[in-house]
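Using the sequences and the accompanying hints, generate a full structural model.
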Amino acid sequence: MHVPDGFLDAPTSVGTAVVAAAGVGLALRGARRELDDRTAPLAGLVALFIFATQLLNFPIGAGTSGHLLGGALAAVLVGPWTATLAITVVLIVQATLMADGGLTALGTNITLMGLVGVWVGWLVFIALRRVLPRRPASVVPAACVAAFVSVPTAAFAFSVLFAIGGVADVPFSTVATAMVGVHSLIGLGEAAITALAVSSIVAVRPDLVYGARPALRQRTLTIRDEVPA
Amino acid sequence: MGAGHGHHLHFHGHSLAHRLPAHAKLVALLGFVVTVVLTPRTAFAAYAVYLPLVLVAQRCSRVPFGYYAKRMVVEVPFVVFALLMPFVATGPRVEVGPLRLSESGLLSAWALLAKGTLGVMASLVLATTTEPRHIVGGLERLRLPDQLVQIMGFMVRYLEVVTGEMARMKVARESRGFQARSIRSWPVLATTAGALFIRSYERGERVHLAMLSRGYTGQLPVTRPMTATAEQWRRAGMLPAAALATLLVAVAL
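Line by line, the protein sequences give chains A and B. Under the working numbering, the first residue of the first sequence carries the number 307, and numbering increases by one thereafter. Under the working numbering, the first residue of the second sequence carries the number 60, and numbering increases by one thereafter.
Worth double-checking, as some hints may not be accurate.
Short derived list, chain A residues pointing at chain B, Cβ under 7 Å [what the hints assert, rightly or not]:
(1) Pro-347
(2) Leu-348
(3) Ala-353
(4) Phe-364
(5) Gly-408
(6) Leu-409
These are calculated hints, taken from the structure and not from any lab test. Just so we're clear, the structure is a prediction, and the values are computed from it rather than from any experiment. Note that beta-carbon positions come from the ideal geometry of N, C-alpha and C, so glycine has one too.
Spelled out as structure tokens, the structure:
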């Protein structure tokens, strides 16, 4: 998913860099509201969590395996602002420490994965959360669909950028069909892993899941006198 | 998508490339890749000069070429994308052996591969010769917003701790007879990711409290600001300067 140097022409790369800088600037202010002075250590550890889970290989069969991208997962777990910052930092680290994703394509990568991936996931998530019953467990299907939608949407956004600033005369429909097709399959895997991971966290520490907070706030304390046999 | 990211990112050494300050290397790398991106794709001669330039830079780091070659795998998904171009691009066709390929598609595939590969090769020089914490310091010196520098600083500082935690969880899984073979192992692996999140988040909270008790107010002091001498800037600037000169000559001819 990491766009290398030279995939998009210079004006498009500059354009996406401006979009990325504006988005990250907003996220810095938003995250301060979400986390206050806890921003740096918590977003740092969340970034590291995303980075580490990307190292976890999920076998698909026939010797191949895939890994989590984590945009929607991060948005559901820590809120969209912090998630944007975490993914941004992961991408900066991958570009500078691993040569994964070009330095001139950093703006493009942040726009695609940190902004489109996270925010599409988050918007789908809150839309579903509104229609599902207000229970912490509802977070799981909402996160699942959010993860599924966010991956092909980011791929579609890449196709649009490639149509604007790509260096090949490939019809937009061909690139979009191929990218969205392949990434829908990846999205299925992403959705499954996200749902499984979120359900395991909601079961143990629902208070840590940002997306479950409205449902938790409604929950009242129940005091049971008798222990059921 | 994308290949797994290996560890041992930094290759220890004391070469010329290792000794340059991180911010000078970052600026040099950016200058070089911007030049490559701006080079017209038909300026084949320019690319023929860029390749030895990057190879010289790699040589200056005294890191074996085999080590670089292994880390080039990060490029694979986009190589596949580039190789598809001649088949799907529009425009006049040329016969290449048994295949009828698009002319402009071939040209774009060449451009994607050449620019992408040069970018990865140059970035690897920075990635292998610079310690993660120095890259953070370099970005701070280059005025990356303070909050982002702090987040990245924490990420780099706890990198070994969290990946170590993950390695221990792997040992624990496997010592209980677990083998990740098929999709059926996904619930276990996803639970691992969940546990990792809880541990990382709680560690973040503990780190924050520990910092508060040491007087943290949202700003970290800069203890040793990074500096570069004119000589170091000149050395770091040689790669982008040579590339830029090549580009100008190639465009002028």
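Of the hints stated earlier, which fail here? none
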